[in-house]
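Trainee: First to last, the protein sequences are chains A and B.
Taking the working numbering, I'd label the letters of the first sequence as residues 1 to 116.
Taking the working numbering, I'd label the letters of the second sequence as residues 1 to 338.
Treat the hints with care, as some may be off.
Distance condition first, Cα-Cα at most 20 Å in a straight line; then the derived EDC-like pairs of lysine to aspartate or glutamate [claimed, not checked]: (1) K52/A to D55/B; (2) K13/A to E136/B; (3) K14/A to E136/B; (4) K102/A to D202/B.
The hints are simulated quantities; they were obtained by calculation from the structure and are not laboratory data.
Residue-level listing of the chains:
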Amino acid sequence: MPTLTDVAKATKKKRKITLVGIDMYIITEKGIPAFDDIGPFKCEFISNRGTKVWPGFVSPDLLQVNWYRCRFMATTDVQDADVNAFLDALTKKGWWWSAAQKLWNYDGEAGFSKAY
Amino acid sequence: MGTQHVVTMLPGEGTGPEICEAVRMVIDASGVDIKWEYEDIGLDCLDKYGTLLPDKTIQNIAKNKVALKGPTTTPIGTGHKSANVTLRKVFDLYANVRPAKLIPVLKRPWDKIDILNFRENTEDCYAAIEHMVSDEVAQCLKVITWPGSYRIAEFAFKWAKANGRKKIYCVHKANIMKMTDGLFLDAFREVAKKYPEIESGDIIVDNCCMQLVRNPAQFDCLVLPNLYGDILTDLCAGLVGGLGFAPGANVGDGCAIFEAVHGSAPKYAGMKKVNPSAVLVSGVMMLRWLHETAAADRIEKAMFAVLEERKHVTYDVGGTATTDEYAQAIVEKMHAKA
């Protein structure tokens, strides 16, 4: 007799996973970061506390902390090795980061939220 | 007549326009001098502007710094950003103020409830940072910051002091979420030191829920992170009679938007049968924000009297009056008392 845990695990569906970008969590006291393209990765937006602060309008009232989520999307097909090279290049440019989160599509559907 | 105030009116959609007209009639009859500037928001904007919140509306609110908003609905699954969330983000409306006060004529099991909730409105799990970190694991980042926590606590203590409130409790789950809720609680305690005249303390969120339904009269002011605030403010609204009488305000350093928290009830649109009380009491809150206390008191007393008489009340409270008839009865009651 399978347990409910076994039953739940058996429902898992296989989905095709495609690497499409990286969310970088950058710590800086110098305000909204600016990036050139790094290898095949292009910065798409930057958010602070979940609110988009680049590109576009930023309210002067908006509270910003020293921790920015910077979304880099791949402009070509990429592999994990490209992420490693990206992180190395970003660090060499002097950016201090707390975490990196790979962005994957699952069966072509984004597995990550957008920013307001 | 005293100072003229310029206020942005956002009627919204569904029953919003008819509610806002009724509310405007009552506020205008209260003796306060308000110049209303109407702007579009919500579903009806989509065809005209391609967005739920046009730039023109944003610019008008930025100019006037105070707005009264009717209900709006966010379409599910269309990719359009919620107008409410966008307003909060654009103007950094970090304080969601939700009073829960017992309306005497609405029969409830309690003698007294007068709770002032201060919900942090911009952080927590609402930062919209979510990832599928594997094909079977989803993750949402709970973002709590020191300045975000400090300013909502400071806002709450300032408001409480200005309005003669005696006690503020911080609601949290810092026994489990030691970093995030711990930071929120630390900031609250830091601010509390500056207000020794106000009693302060903290309570774990699950215990707070139980205490609220057992003995709500024990609470005065609550300061809450976003998610607990979302849930407990509706719980408090339920204690005093539901969302139909629940006012709300979203306030930032630059502006304040007053609004009911209920939906736009599109199936009743144009029928003029819905109860405008939640927007009206939000308007009363707005008048107090504008230091028009006498007008606010007049409206509140007249509204309670009309509800007490039950002659001209809407269907949801057992009457047959239309939205306009209820509003007109409040106006007549104000004039009768004058």
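Trainee: For a C-alpha distance cap of 20 Å, please report whether K102/A and D202/B respect it.
Mentor: Cα-Cα ~38 Å, so violated.
Trainee: Given the hinted pair K52/A and D55/B, is their alpha-carbon gap at most 20 Å?
Mentor: Holds, at about 16 Å.
Trainee: Does the alpha-carbon distance linking K13/A and E136/B stay inside the 20 Å limit?
Mentor: Within the cut-off at roughly 9 Å; holds.
Trainee: Assess, step by step, whether the Cα of K14/A is no farther than 20 Å from the Cα of E136/B, and give holds or violated.
Mentor: holds (9 Å)
Hint 4 alone, counting from the list given before, is not met by this structure.
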